[in-house]
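Build the complex: two chains, separate frames, hints provided.
Chains as they are written, first to last, in the numbering used here: chain A, 1 to 131; chain B, 1001 to 1487.
Check before you lean on any hint, since a few could be wrong.
Stated by the list, open to error - For lysine to aspartate or glutamate, the following EDC-like pairs were computed, each having C-alpha atoms within a straight-line distance of at most 20 Å:
hint : chain 1 : residue 1 : chain 2 : residue 2
1    : B       : 1474      : A       : 130
2    : A       : 65        : B       : 1471
3    : A       : 65        : A       : 88
It should be emphasised that the hints constitute simulated quantities derived from the structure, not laboratory data.
Computed from a predicted structure; not experimentally measured.
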Amino acid sequence: MTELPGDLLYTEDHEWLRREDDGSVTIGITDHAQAALGDLVYVELPEVGLELDSGGDMAVVESVKAASDVFSPIAGIVEAVNEDLADDPEIINGDPYGNGWIVRLRPSEKIDEDALLSPNAYQDLLDAEDA
Amino acid sequence: MKTLIFEKSRNGRRAFAQAPSSVDDAAIPEALRRKDTPRLPEVSELQVVRHYTRLSRQNFSIDTQFYPLGSCTMKYNPRACNSLALLPGFAGRHPLGPVSHGQGFLACMYELQEMLKAVTGMQGVSLTPMAGAQGELAGVLMIQAYHKARGDLERNEIIVPDAAHGTNPATATMCGCVVRELPTGSDGDIDIAALKAAVGPKTAGIMLTNPSTLGVFDRGIVEVAKIVHDAGGLLYYDGANLNAICGKVRPGDMGFDVIHMNLHKTFSTPHGGGGPGSGAVGVGSRLLPFMPIPIVRATERDGATWYDWIAEDELPQSIGRLSGFMGNAGVLLRAYVYMRMVGRDGMRRLAEYATLNANYLQARLRDVGFQLAFPKRRASHEFIVTLKHEAREINLTAMDVAKALLDHNYHAPTTYFPLLVPECLLIEPTETESKETLDNFVAAMTAIVTEAKGGKSFKEAPYTMPVRRLDDVKAARQLDLAFRPPG
Chain A
1 MTELPGDLLY TEDHEWLRRE DDGSVTIGIT DHAQAALGDL VYVELPEVGL ELDSGGDMAV
61 VESVKAASDV FSPIAGIVEA VNEDLADDPE IINGDPYGNG WIVRLRPSEK IDEDALLSPN
121 AYQDLLDAED A
Chain B
1001 MKTLIFEKSR NGRRAFAQAP SSVDDAAIPE ALRRKDTPRL PEVSELQVVR HYTRLSRQNF
1061 SIDTQFYPLG SCTMKYNPRA CNSLALLPGF AGRHPLGPVS HGQGFLACMY ELQEMLKAVT
1121 GMQGVSLTPM AGAQGELAGV LMIQAYHKAR GDLERNEIIV PDAAHGTNPA TATMCGCVVR
1181 ELPTGSDGDI DIAALKAAVG PKTAGIMLTN PSTLGVFDRG IVEVAKIVHD AGGLLYYDGA
1241 NLNAICGKVR PGDMGFDVIH MNLHKTFSTP HGGGGPGSGA VGVGSRLLPF MPIPIVRATE
1301 RDGATWYDWI AEDELPQSIG RLSGFMGNAG VLLRAYVYMR MVGRDGMRRL AEYATLNANY
1361 LQARLRDVGF QLAFPKRRAS HEFIVTLKHE AREINLTAMD VAKALLDHNY HAPTTYFPLL
1421 VPECLLIEPT ETESKETLDN FVAAMTAIVT EAKGGKSFKE APYTMPVRRL DDVKAARQLD
1481 LAFRPPG
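Chain B extracted, bound-state conformation (with noise of 0.2 Å):
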């Protein structure tokens, strides 16, 4: 392990940058200011820069590796996006000003919130949510908030199939709904009969993913639309699998009434790190009075268009604010400029060279002599690899594989995701790489299972990168994460 920062301290050492305020500190009440000084590291500027330059050089990201990580959508992040996002008009430009010094930021949401309507199909959108759990927790509130303004009191039952994300369960539990999970059948659609007979009286709504995390396109989409429909309830889109569609189908022409989108996903907003994410929500006509706020509006004014806030009393049954402001706004700006730079037919075309390069891949996979999850099916933006013959007969798990891949110099692809299927690979390349990086992570991923069948092992891989293999059991038993300063 190489030095943490704070063992390069020094008592008294300073960087310029942080050198003591200039402001007095005497308008400070004595009883709010802290009585020791805080337990930071004391270093030279150039120790910083040092310090952290290294770290990032220890990290995969999309500018420096093939990072095909199944369901999580990291395309490429046009540059332009940045430095068109951080103009000073948009970053200097102060949340709590007047609306008159803010129109052209206000602009750009209000065209943001239009194009998103157009790509989605659905009547309104909310760019508020911070990121893709909190666009879920407004989405399952809305539906809440629908039946409830109804007096349709009894609908408390979100039903999930058992290929979704983790996230939408966990959803449904947090705002009080109760989780009815759903078999997909082996060809891997929704199980058609259980839904019939999971739906009633009870049905709050359904939590969909289309296409599914098994990579496929749920055919039987409008009889599921039908069946929750016709039970009472709504349907819910997860758009973590947008990008695959995008331009080609919409969620809301498939009878969904509300979705969130992931900008940092399809929109090709900066990904991963833990933000700042932004999980958008889309409504259909029957969800629009329950939109959270802030939501920007346009109007006539002096023969102008003149933007502004939807204000709180204008929406009375808004399900309300999730964030002091409106969502991340340098995320936003950024999606709004991939979206104009791609345009109308841009949109169609990431979705078709998505799907394309998965299925180039899937095709050479499947070719070198590895199993798919589900081999009948076309892929869509990602597909499934199953290694549970190679795990029994040579005793290599998917997990040695991803972590062989990264000697290879590939983020490993997700594993063990969906559960369903056992020592899986969910891969998904995205629009942006190219016919040689994909022929490239197929010769290594045969180089991989090659040296596996003559005998060597990949239980320490990986190899050449700065951390090994770590032990997650341990991690996961014995939760001590806290770092102590020595002394």
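Extracted from the complex, chain A is given alone in its bound form (with noise of 0.2 Å):
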């Protein structure tokens, strides 16, 4: 299993959420998600300046095990969404954390980083469900 980036925020849901210098926010699923989903053949993206509440459907990553919703891990505003990911719904099997990055959203709230997980308790959670 390859290292967790340091910089960057979990949920258990395996989504990873990276504060930008702009106060924004990007968010992906981790490197995990897409091993388990396997060969990603399609992702939907939400429109940009769709409000999201926290926990609310965000975009779904289809491959051909499974169609799994994204859920916003934060409330707050759509601001960029990865367009490269209608044509090569595959990059994020290849750069979960960096070109594959889904939504990037202007929070609405401040961020509730209690809720959120840090890399070494993501890595508990991937270990747990490894036993």
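Dropping the structure here:
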């Protein structure tokens, strides 16, 4: 298993968040999530400008095995979506933490970091699932 | 790839069975006649017979191979069901003929309704849904109609456990409901605390399969029913796994308000290939007024039993018609014959042997080293093996094993479902398999893992089938399925 990027926050639903310098938050799915799903064949992206509640439906990732909802881990407004995924969903498989980002949100309230996982806490979660 | 039938086509070649109709087409208005000939292959009768016989021999079927496809209950379809359903009186009956001409058929349908009520513990049964998915649709529509009739208009949430069949949330969504997903506890039962937190004044109902798709019977079902009912919601039973409990436990007694039964699973009508299926629905007392029509009724008339349809104006709150007539009549007849053949005692026995076979196979696979997803639980009629260790350590995934099994002449078990178990195979042997078949299957599974440990790769399997490993990723990304005839 590869090292988890240390500068990200994680969720129990296997998503990651990066707090950008301009105050926005970039969101994607983790390496573990893409490996469990297998080769992605379709990504459904939200409209820019959409207001999301924490836990709201943000995107759908679909592989040959399964279609999974991606929930918004925070409340915010969609500022940008990764348009490249529409034609090449497999970017997520190759580079989940980089070019495979899914959505950038403008948080609409202060981010509750206690509701999210540190890299160590997420690693513990993965280890527990692996047992 | 072998020749397509279109490629065998030669101009002017004809089959006697397809000779031009003797009907005078002068009666067809000019505007409705086609201008050009249809693009159908022109082949001889013998070519057609050989072509489709060859295709059928490339197929896996219950008649030719062990078919342990979890969640699908691929049991043997007795020949007697076929031959009796095809009796001329049934096969020649016109659905628009007068009721007096179809008393025999209607009597069978009435008795089928009664038998399904008895085996599920429900108060009413409608046979009209054409497949499991339509049965689900009917069930959720009835739940909605119930709340609406009470003026309880805010209830638009359907709770669905994360282990559910994908059809459950799809049905709820199609009916315009909001789906709330419920987590499963580590022992496979529903997380009661999460359920308590999920129910409320918006709860329309919950959709459950019990035994669940995890192959275990939810021991908290009575408490689940109470929590949902106390919150004002109704309970929907997905009958996919009814085979495990037939004649032993009844959904009506567990507290369910509505159930759909896959007659093509539990009651052994032909299954697969897209149908025809049957998703008969059963309801408790709350939902009786909302059942889909037609429903067969029996009354006394001149000292004899008379069967007819319950008319639309007699069931004004019905969710309506789901098909032109009454479901797939031939499928319903096969299920009727099957139920009459096995009888009350046989109903119990089929569940006992289905669970015995599953538990035997589970124990044997565990003993030869496979990891069970729920090792502490007894299997219902199916169980889950997880290959997550094999995937990591010897690069042998669930898909590899499934494909390698084809080379051993077994249909693959269900793969990668339910979604919450990684690298899983969902295995359902059904009651109609012998111990020898199960033992041979264990030997094949063992051989595959042994060979993989010895360094053999199964990434290209199957090796012996007419079609090799398909590129399912490419197939999903490039949805180009149309055949264009040459020229």
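Decide if the proposed pair is consistent with the structure: residue 1474(B) and residue 130(A), CA atoms, cutoff 20 Å inclusive. With a Cα-Cα distance of about 30 Å, the restraint between residue 1474(B) and residue 130(A) is violated, given a limit of 20 Å.
Between residue 65(A) and residue 1471(B), is the straight-line Cα distance small enough, at 20 Å or below? This hinted pair holds, its Cα atoms lying about 13 Å apart.
CA of residue 65(A) to CA of residue 88(A), is that 20 Å or under? 17 Å, holds
Figure legend: structure checked against the earlier numbered hints; the only hint not met is number 1.
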